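Going down the list, the sequences are from chains A, B and C. For the record, in the first sequence the residue sitting at position 359 is 359 according to this note's numbering, with numbers rising by one throughout. For the record, in the second sequence the residue sitting at position 8 is 8 according to this note's numbering, with numbers rising by one throughout. For the record, in the third sequence the residue sitting at position 186 is 186 according to this note's numbering, with numbers rising by one throughout.
It is worth saying that the hints were derived from the structure and are not from the lab. Here the structure is a predicted model, which means the values were calculated and not measured. Ideal placement from N, C-alpha and C gives every residue a C-beta, glycine not left out. Hints may be right or wrong, so weigh each one.
From the derived model, a few chain C residues whose C-beta atoms are all more than 12 angstroms from chain B [unchecked claim]:
1) Met89
2) Ala106
3) Leu248
4) Trp282
5) Glu317
6) Asp347
7) Met374
8) Pro380
9) Leu382
10) Glu385
11) Ser397
12) Glu408
The calculated SDA-like cross-link candidates involving lysine to any residue, where the alpha carbons are at most 20 angstroms apart (straight line), are [said to hold, decoys possible]:
13) Lys85/C / Tyr335/A
14) Lys165/C / Lys324/A
15) Lys124/B / Asp60/C
16) Lys190/C / Asp60/C
17) Lys324/A / Ser162/B
18) Lys124/B / Phe88/A
19) Lys124/B / Arg392/C
20) Lys124/B / Asn393/C
21) Lys113/A / Ala106/C
22) Lys113/A / Ala75/C
23) Lys324/A / Lys311/A
24) Lys324/A / Lys371/C
25) Lys413/C / Val94/B
26) Lys22/A / Ser68/A
27) Lys371/C / Pro334/A
28) Lys124/B / Ser273/A
29) Lys85/C / Phe88/A
30) Lys85/C / Ala106/C
31) Lys85/C / Tyr333/A
32) Lys165/C / Gly270/A
33) Lys371/C / Arg95/B
34) Lys85/C / Ser130/A
35) Lys371/C / Ser162/B
36) Lys324/A / Leu369/C
37) Lys124/B / Asp291/C
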Amino acid sequence: MDIINEFRNVLNDPYAYAGEWKKKNGKKVVGFFCSYAPEELVLAADCLPVRLFGTRDNIVHADAHLQSYSCSLIRGALEEALTGRLDFLDGAVFPHTCDSIQRLSDIWRMNMKFSFHWDVVMPVKLNTESAREYMRDVLHDFRDELSSGLGVEISDEKIQEAIALYNRIRSLLKKIYEIRSKFPSVISGSDMHAILRGSMIMDRHELPGRLEKIVEHLEAESANAEDSSAMRLMFTGGICDFPDIFTVIEESGGVVAWDDLCTGSRYFEGSISNAGDPVSAIAERYTSRVICPAKHASVTSRGENITELAKEHDIAGVIFLYLKFCDPHSWDYPYMKEYLDRAGVPSMLLEVEDRLPSEGQLRTRFETFIQTL
Amino acid sequence: MICAGIDIGSISTKAVILNGSDIKGKLVISTGYNASQAGDRVYDELLDTIGMRRSDVDSVVSTGYGRNAVTFADRAMTEIICHGTGAHFLKPDVRSIIDIGGQDSKAMVLDPEGRVREFVMNDKCAAGTGRFLEVMARALESDLDSFGDLSLKSDNPSSISSICTVFAESEVISLISKGESREDIIAGIHESVASRVAALAKRIGVSEPVMMTGGVAINIGVVRALERALGLTITVLPEYAQVNGAIGAALIASRL
Amino acid sequence: MAEETKQKDPGAEERKIKSVKRMKEIMTGYYIDAKTARKNNNKVAWITSGGPVEPLIAMDIIPVYPENYGAMIGASKMGVELCEKAEEMGYSRELCSYARGDVASAIVNGGPIGGLPEPDLLVCCNNICGTVLKWYEIQARYFNVPLFIFDTPISHTNFSDSARKYVRSQIDEYFEVLESVTGEKFNYDKMGEVGKLSVETQRLWQAILDTTMHRPAPMSAFDAFFHLALIVTLRGTQTCIDYYRELLEEMNQRIASGISAVPEEKYRLLWDNLPIWYKTRWLSDKFASHDTCLVADTYTSAWSGSVDMLKEEDFIESMVDGYSRIWLNIGTDIMAEGILKMIDKYDVDGVVMHSNRSCKPYSLGQYDLQKIIMKERNLPTLFIEADMCDERNFSESQVETRIDAFMEIVKEKKASVK
């Protein structure tokens, strides 16, 4: 599909895209690493929020600042910054998530000289009234800091517009996911990945139009869709920056029918109310949406969630996918696996470093897993 | 004053004898499995070559991983100080030293008086050490000594991404079967070593003049790759690179 | 023989710290009380090392510190076995060894006292790290008891008013939880007393740590690691105050009589990060063989680091800053300022950094700290790569070479400065 190629092209060289956008629009680009980043406010300030990942190059410079026992997201992100490849950025926003990102924020701030640096220290606990209130306060503070730092006024109207836009984008992404879950044969995993990842980079005003075209196309395709005999799998974990993984899974007889990933369903899940104070409405979404392991909603919420998703999407097997040295995901693994075991859903674990294991190794693992289902 | 320095490494053992500040003799032998015997052997063989006896030597300092096994040494010093001392002697304006040995790699920064100010070591991982190159030479069925020249013929080094020596070896084997040229693969191996060592060195900040010491310094391919990785020029004195630690040890012996 | 001959230290007996005996008695009594709590109708709460313990004491709940037990597990060299058990349970080897050890210990009743007493309540304060959240979630599921999370937002560059308000509300929530667990009204009177005792304890601890400003130091950081246990576990009690008064008295006497931690103190160093619990003796002896004393460290001083923020007459309010703005809950550059202050205060010749695999908030950023220390004070830093509790990550001969090399540098530098 041509329109998906647009997403692929952006993904091939996101920095070039961002640089050109800057030149064309004369506005600022703000980087972020995490789905808790309040993109809506960044957009309301007329900036382009661009999600950053690790590096495709070898990590050399970052080793002078970070020990090897830290994850490839923070080491890679720092590498990109130190080599100058991120010079097009005007700044970055660091919502509080895990210990590693916390220290990346400090090291980044101490060593890089971007125009802006925003720490948004959100609550870790999300299940009390005081935490809800603090989340609202933190976002109000962030709006003020954005405003004074960039020298722009961020009116309630602008925020409401941004909210409406993000609601639209997220519901379209969700729609695409739902079509894929019902009719896995109409879209490949790597195309899915490109759409999601591209949506974290591209001009958000242009996104709904593009996503609508994709939905139209997929709905048309699904009318004549063949039944897929592929094993229905689900990813659960952190970030996935590995488009090739989907191809290997598909060639091994599987299909990723849904996911519980930071760069997947957790990115678009939950819409924002358009009633009341807009900043508080945004806060409500970040407080009540499905959590990542660095946050706390209850002691069993992630286990319950994964079990429900497996049932809802008729999942045959779950793949835990996270980075080596990612503490929060690693801690949740045993108990989430236990929940799945009890529900009779088999699972496997894939811990990844900078890059995926070699294709041969990956294929062996997936084929074996799929054959046991 | 006659002084001796004995450097017992994991792979090779070196000895140097100084008369004042003249290098009277130097020798490199294989360490084998007995460090103490290697120390005796290298010492006695070198003395024999230059027509001296143990009693002619005023003091001896030992260094290297086997330094405490040298029974006849007056003092044991770590190779960090010895490399710094040796390099400063050979090139008094040197400010940074990079030493890639058989089993470790290190970087040192000197002050203007030639004293070591900071050091950083990789003593946990074979990647970025001489061992890595040996493993690769076996995988390529090549002579390690030819690595340097062969790599200079490449203008498109292969990319080797594995962090671990053992997996890098598998990677190299698959590159061979994919038909990449020997020269390109070796150049890629050198890039791999250089990037690990450069990353280590950057932790303490290297500045020119830089000298490379240790056995791997004789490999011109690694030197050039390291120059590119650091963006700096590196001096190598091929005649003394491998015995630099022993030179430093002998100098320290002369100050005891 | 080229090896430095180890001389028998003639004053070894005199050099031993006498208060140690009393300390061991107190800690034994403390753990016995904790383990027999149920029999005596007392409640037990597990709490993180940086957590606000005073309210527990005010409500007569016995506080138990899994992290202190982690240190004991490390020191008794039982860390590896327990970590391996945790790995069998599916926990990655890259995770914090205190947490791994405790999760396993709860299942097998492991460690030197055969497991910790079961908690009635879990109190988790994340001012030290995010791992404690996950650790305590696991134990909450395992023991099926209430979990109270005291969420203290980090101050990268400053502590915001919004955060202050949030932390203050949580103190009230904490009191409510204690009321519901004990069935009693929160005892504000006793809280006032406990607060005063807590502040006094912290002042005493700081005074003890300050004695090492003296040349030669009457005790070393390795001694401080040992004596730390009381301010961690019994802060806010008279027992703790009485003991630290005794210890301070002994330190002052040692200064007066010229008894030093290291027989011939020629070089002084600062330690950063948690101790390597299973190697404290070895490290102490190793540095002593170089006439070197680790005179101070950033870890033990964290327990009195808030003393200027805490107010006896308004303890509850001052707990907000006192528990939020602790050493690990601040930006790396603010830590750097703290380290430079300590370097000057204790007049050290170098810094030893334990690059501790288990503790990311403490270890990530150390490379930048090393650069700052060199730039601002022209002092060398030694890195020891290890782990606080999991001995598999420690390579003795490699560490020995590094220590020797570092001391050679320190000595040469000192000798050249007239």
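Hints and how they fare:
Against the 12 angstroms criterion, Met89/C stays outside the reach of chain B, whose nearest CB is about 26 angstroms from its own CB. Look at Ala106/C: its CB is around 32 angstroms from the nearest CB on chain B, clear of 12 angstroms, so calling it non-interface holds up. For Leu248/C, the shortest C-beta to C-beta distance to chain B comes to about 37 angstroms, beyond the 12 angstroms cut-off, and the non-interface label holds. Non-interface status of Trp282/C relative to chain B is upheld: no Cβ of that chain comes within 12 angstroms, the nearest being about 16 angstroms off.
With a closest Cβ-Cβ approach of about 44 angstroms to chain B, Glu317/C is found to remain outside the 12 angstroms limit, as its non-interface label requires. No beta-carbon of chain B is positioned within 12 angstroms of the beta-carbon of Asp347/C; the least distance is around 20 angstroms. For Met374/C, the condition that its CB be more than 12 angstroms from all CB atoms of chain B is violated, with the nearest at approximately 6 angstroms. Look at Pro380/C: its CB is around 5 angstroms from the nearest CB on chain B, not clear of 12 angstroms, so calling it non-interface is violated.
Not every Cβ of chain B is farther than 12 angstroms from the Cβ of Leu382/C; the closest lies at roughly 9 angstroms, contradicting the non-interface assignment. Glu385/C, annotated as away from the interface, has a beta carbon of chain B within 12 angstroms; the closest lies near 7 angstroms. For Ser397/C, the shortest C-beta to C-beta distance to chain B comes to about 8 angstroms, within the 12 angstroms cut-off, and the non-interface label is violated. Taking the minimum C-beta to C-beta distance to chain B, about 5 angstroms, the non-interface status of Glu408/C is violated against the 12 angstroms cut.
The straight-line distance between the Cα atoms of Lys85/C and Tyr335/A is roughly 16 angstroms, inside the 20 angstroms bound, and the hint therefore holds. Our distance criterion of 20 angstroms between C-alpha atoms is broken by Lys165/C and Lys324/A, whose separation comes to about 36 angstroms. Of the pairs offered as hints, the one joining Lys124/B and Asp60/C is violated, with about 49 angstroms between alpha carbons and a cut-off of 20 angstroms exceeded. Restraint check: the Cα-Cα separation between Lys190/C and Asp60/C comes to about 10 angstroms, which is no more than 20 angstroms; the hinted pair holds.
A C-alpha spacing of about 15 angstroms is found between Lys324/A and Ser162/B, which places the hinted pair at or below 20 angstroms, so the restraint holds. Note on Lys124/B and Phe88/A: the hinted pairing is violated, with a Cα-Cα distance of about 38 angstroms set against a maximum of 20 angstroms. For the suggested pair Lys124/B and Arg392/C, the alpha carbons sit about 13 angstroms apart, so the restraint of at most 20 angstroms is met. Proposed proximity of Lys124/B and Asn393/C is supported: the alpha carbons are some 10 angstroms apart, at most 20 angstroms.
In summary, the hint linking Lys113/A to Ala106/C is not supported, as the alpha carbons are separated by about 47 angstroms, beyond the 20 angstroms threshold. A distance of roughly 44 angstroms separates the Cα atoms of Lys113/A and Ala75/C; the hinted pair therefore is violated under the 20 angstroms criterion. Only pairs whose Cα atoms come within 20 angstroms are accepted, and Lys324/A paired with Lys311/A is rejected, the gap being roughly 28 angstroms. Restraint check: the Cα-Cα separation between Lys324/A and Lys371/C comes to about 27 angstroms, which exceeds 20 angstroms; the hinted pair is violated.
Between Lys413/C and Val94/B the CA atoms are separated by roughly 18 angstroms; this keeps the pair inside 20 angstroms, and the hint holds. Between the alpha carbons of Lys22/A and Ser68/A the distance comes to roughly 34 angstroms, so the proposed pair goes past 20 angstroms and is violated. Distance check on the hinted pair: Lys371/C and Pro334/A sit about 39 angstroms apart at the alpha-carbon level, beyond 20 angstroms; violated. Note on Lys124/B and Ser273/A: the hinted pairing is violated, with a Cα-Cα distance of about 54 angstroms set against a maximum of 20 angstroms.
Pair hint Lys85/C plus Phe88/A does not hold up; C-alpha atoms about 48 angstroms apart against a cutoff of 20 angstroms. Using a Cα cut-off of 20 angstroms, the hinted pair Lys85/C and Ala106/C holds, with the two alpha carbons roughly 11 angstroms apart. For the hint linking Lys85/C to Tyr333/A, the alpha-carbon distance of about 16 angstroms falls within 20 angstroms, and the restraint holds. The hinted pair formed by Lys165/C and Gly270/A fails the criterion: a straight-line CA distance of about 27 angstroms is larger than 20 angstroms.
As the CA atoms of Lys371/C and Arg95/B are separated by approximately 17 angstroms, the hinted pair is consistent with the 20 angstroms bound. Pair hint Lys85/C plus Ser130/A does not hold up; C-alpha atoms about 38 angstroms apart against a cutoff of 20 angstroms. The hinted pair formed by Lys371/C and Ser162/B fails the criterion: a straight-line CA distance of about 29 angstroms is larger than 20 angstroms. Of the pairs offered as hints, the one joining Lys324/A and Leu369/C is violated, with about 25 angstroms between alpha carbons and a cut-off of 20 angstroms exceeded.
With a C-alpha separation of about 28 angstroms, the suggested pair Lys124/B and Asp291/C falls outside the 20 angstroms cut-off, and the hint is violated.
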